[in-house]
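Visitor: If you want the building blocks of each chain, they are given just below.
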Amino acid sequence: MNQLLQQLAQHGPNPAAIDAFLEKHELPFVDGSKVTFVFHGMVDAVLLHHWIFGLPSSQQFERFPGTNLFHLTIDIPERSRVEYKLEIRKGGQQRLIADPHNPHFARDPYGANSVIQGAGYVFPDWALEDGEARRGETQDHKIESKSFGAQRDLRVYLPARYRTTRRYPLLVLHDGHDYERFASLVTILDNLIHRLEIPPMVVALTQSPNRLHEYADDARHADFIADEVVPWLDQRFSLVDSGAARGLGGASFGAVASLSTALRKPHVFENLFLQSGSFAFTDIGDHDRGPLFDPVVDFVNRYRDAPTKPAQRIFVSCGTYESLIYYNRSMVPMLRDSGAELRYVEARDGHNWENWRDRMREGLSWLFPGPLWLVYE
Amino acid sequence: MTAPFHVPDNVHLLGPQRLRPTLRPALDRNNIGSRIATVTAGWEEREGEDSELRAHVGREVVDLRIWARLEKVFAEDRALHDAMRERYDQVRILRGLYQRQLAHVLASARELLDAQQSQPTDLQAKALEASIEAVRLIDQRHSEHVAEIHESYRERIDAGQYPSLLRERDELRAVLESCSALCIAGGHVAILLNRLRALGVLDAAAQMPIFAWSAGAMVLTENVVLFHDFPPQGAGDSEVLEPGFGVVRGVVLLPHATRRLRLTDPVRVALFARRFAPARAIALDDGAGFELQRERVAVAAGTRLLCADGSVVALKAEEHAA
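Sequence order for the protein chains is A and B.
Quick note: the first sequence uses this note's numbering, first residue 1, plus one each step.
Quick note: the second sequence uses this note's numbering, first residue 1001, plus one each step.
Bound conformation, chain B alone (with noise of 0.2 Å):
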């Protein structure tokens, strides 16, 4: 028996939008009004660029920008930048530190879960678990020494002392002000999580509608996980990036899944699942998605659940809501 969802007010989680976009009949279905906020800081450069959404949505779309905002504020206050990238070269060196510990337990766990699946035994099974458990010990571990930077960074930045970063901030709660919804795009889900931190767009959307598909969604969760079980360098291990902001909890959410994941292989996916429960691990194929709203769960077709088995099932509404 796994714990339930945590339920939030009103956020919609999509997949992948590029090829199935389901984006507008949520809006829709949701009776979205007219005048929506974007975030498309994870297209970086490409930030705005944003006119298919605007010709799928049919409603005036705000880009917040918010990829740009931060480079006008970290051009105009260059202490603030040099403390942004002295916080993320910490992050780097911890992750490859992470990294490094990471290769060997997952590398034990797997073999002795391949082992179990094919000729189960009690003393093997307890073995293994404590194998899990290694894992989810540093896995917690990073992600609260991610969070340990974070927070000492933000004590040493105190907005107050930079206007620039005031400014923004400001104008953006404006902004979010004459919107009715907020919408999240995918991208670069670190730059996403480091743009709506230091711009605080979350606190000032706190009782909007919320709209996010991919990394977007990814980043609402409360740790952001990092997967590809096929990459051309590497054995392919997952492993958390650091806490997301906490919105949705008790998932991990697994965009592309498909085209990421061994799917077909129970040995990984009883692993993924295994290793973050209780926390769900939810494969965001095209046009997968659900919503949570009040005491109230609804799942897109084409959703799916990542099992301890090894199976991957069709996730189903009413054995998840709170």
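So that you can see chain A by itself, here it is in the shape it has in the complex (with noise of 0.2 Å):
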């Protein structure tokens, strides 16, 4: 147990002590891998549920005697971060909530948990909006889709000190509006291209309003990105006419899109960013993942019986958290053996938006390499 909260319990603590001493610290209490999460409230029980792939997801909390302070200590190895909420049992109902005492969510597609931060974690100074950096410019329009036979929001990044005398590098990012509010996708670019990481780049984002389905290698997206979203923002904006300097990416669902699509429409983009793709497959017999994964299953399984490449170069990530690590794991080598340089990389997190947060730095740098060598201004 945690040393403060040991303490606490020695004085025979009374309801108001126990809400100062909770107001006090900072929770859930990190000591090394140690990490101690307590609860304070008139219920009859709690129990942890995390998002641990491979891990019992429920372990419940003890009550110290004569109190209605719950607590539980579990190890989480260094530099994790832990999607968790807490079950309330009461009267015989159960409900979810997250962490009343804990600061920190973390953000996915469907919602958002409270998060742990392990012993060792350090939030990335390059996501923090630096006083240095230049600004780009974002842009909204509205794009007809013909492929949709529907209107579509394109939101366009300009880097700062954009010029139609150069001619620029771009990235199609699926839910780019969601890696911009849950991801600080804006001020991570301005900071990449401040520190010459990446090159100024213009980054155009999409987002889908049935995301499950259209992503789930539908061929009227692919055509839609491809036939339509790239022709329109050539048109545009001073770009590089060349799948080398092209990028497509997303996370989850979007980084089946970013595949599927690629695969679809061959040398428009060699550049593929995928984060904590949901690349579910079967070897044998059906999936559990429900029907919205059909299409999926039937794509990857596709992809697996006769790969091929995609594009030159992959950056594929994910947390060893989220139960698509298996999935992810097996497109590495399959994606290699293709004839893609590949860099895979993964993180002691989950399937959230602070996961594909942390790692954008390695990807885009390493998709788009920067002057910083070369230039000193």
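Honestly, I wouldn't trust all of these hints.
As a list, the in silico SDA-like pairs of lysine to any residue whose alpha-carbon atoms are at most 25 Å apart [to be verified]:
1. B:1072 <-> A:162
2. B:1072 <-> A:161
3. B:1072 <-> A:104
Covered stretches of chain B, as calculated for chain A (at least 3 residues, CB under 8 Å) [to be verified]:
4. 1015-1022
5. 1196-1207
Hints in this document: simulated from the structure, not taken from any laboratory.
Where is the CB? At the ideal position from N, CA and C, for every residue including glycine.
Bring the two chains, given one by one in their own frames, into a single complex with the hints.
Guide: This is how it looks when you write it as structure tokens:
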């Protein structure tokens, strides 16, 4: 048990003393690899639900005798970020809540969980606003899509000091608005360009109104991205006219959409940025991920049967606490054997935007190396 | 005891100018007249976008536009363009080979230096010296090989065959004659070297005071050293790009040193200082700089020296003047 908590227990705490204690300290307690969770309230039981793939996901808190204070200490490897919720049981009812004492959240495409940051985790300074970095500009556009028979939003990031006299590389990012909102995308682009770690580049942020269907190997989506978005951008912005200078990326189903589009439209994008791809497949029998995954599993199974090279360079990242880790690890040798140059990165993290944010520097600077060795302004 | 600077006639080397500009006081201090020539070719397609610089110096500024001039020459003489590209393809291949060599020898030197700093022994010191010597040898050979490529290109490309090149050089000479100083801004150091060399700018400005910062200062040294201790990819192995113009000798200049180097890591600092000795490794951060004028060296506060013992100390003028 955490030492401070032990001291509190020894003094036979009353509710007011417990509340004062909880107000005063940053929770959960992290002591090296030990993490202590605490809950105070009139409930029957408290359980920890975490999203670490492979571990029992429900562990019961212990109650301090004579109080409504519950606690649980577990081991978490260094530099980990672990998502969790608290299961509260009372009067035969149970519900999942965010940890009321923890200010940190991890967001994913479906919502948010509390997150514990293990010892040694360092928030990346390149994801914080830097007063010295010149700011790029974002523009909101509408694009008429024949593929979908509808108008689609397209946000375009232009780097600081954008000039039509220069030609820029292009990155198209699925769920780009979410990358901007939850993963500090624009700040990171400004900073990495300022630090010369990536070149000044144009980034197109797409956002699908129906991502789980459109991203699941939908031919219309590939047409939209390769035959509508790219030519539309080419007409309006000063871009390098080469697949080698174009990238396509996304997270979760966005990574599936990126791989599917690259395979359906060869050489349009020679750089892929695939984060925590939902690359579910079956070697035998059915999958158990629900009907939304049917087209994904069909697609990945087909690809595994006859793998081809989707792009020249592929960056793949995945959290080791994700249930998708097995699928991503399985894809890596296949993509590498296709002849693509591949960089694969794992982190002790889950399926969330902060994980994807924290891997952006490594992925983007590898796919689009900047001129930091040669420029001294 | 290290060798002194070579002190040229009138050269002023400054730190980065964006956040703490020091150019104007330097110009004023040296009684520079009302019209100055500038080189902003390191900014590439943004060459000549110098409104901040103009506002700062309070003088008439004539940008020599050497980036655009050489682009024009290339458009007129494709053979010259192709020869230049061929040359840089060779240099690129050579650089890749050099980086592979460096990765191994630098790793061993770093490892030995680390061990020597924590538990020094005489035998280890000898092994360390040999490792650093191996790094120096690879640096030197690389610099020579690049110089040979440039030399063979110069022999092949006789400027007399290219009227467009001669025209631009003549125009530049005429512009420079009407100016009282040459100012070279930072930016892309390889492009700066290439454009200054192709258009013979420093030959044409031989008698002029020169004020240069960041990459502009680096190109004036004997060997241009690229450096970054924490790049997002790779080990951060500093490397010699190629020989510079050698206007200033005995120094390796490190603009933005605090941002780019682990100056608190005694192993990295010591290795850098020992590798490039007897040249001095000088950190040129914002506000730093030094002036070299006939037998006189003046150093701005904040200009620092990387030392062989792993420390970083203030550079003192009197210790280093020739």
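Visitor: Run every hint past the structure and note whether it holds.
Guide: Hints versus structure:
This hinted pair checks out: residue 1072 of chain B and residue 162 of chain A have alpha carbons roughly 22 Å apart, not beyond 25 Å. Note on residue 1072 of chain B and residue 161 of chain A: the hinted pairing holds, with a Cα-Cα distance of about 23 Å set against a maximum of 25 Å. Annotation: proposed proximity of residue 1072 of chain B to residue 104 of chain A is violated, straight-line Cα distance about 56 Å (limit 25 Å). Under a criterion of three residues with beta carbons nearer than 8 Å to beta carbons of chain A, the stated coverage of the segment 1015-1022 of chain B is upheld, 3 such residues being counted.
Only residues whose C-beta sits within less than 8 Å of a C-beta in chain A count toward coverage, and the segment 1196-1207 of chain B has 0 of them, not enough to reach three; the restraint is violated.
Against the hints set out earlier in the document, violations occur for numbers 3, 5.
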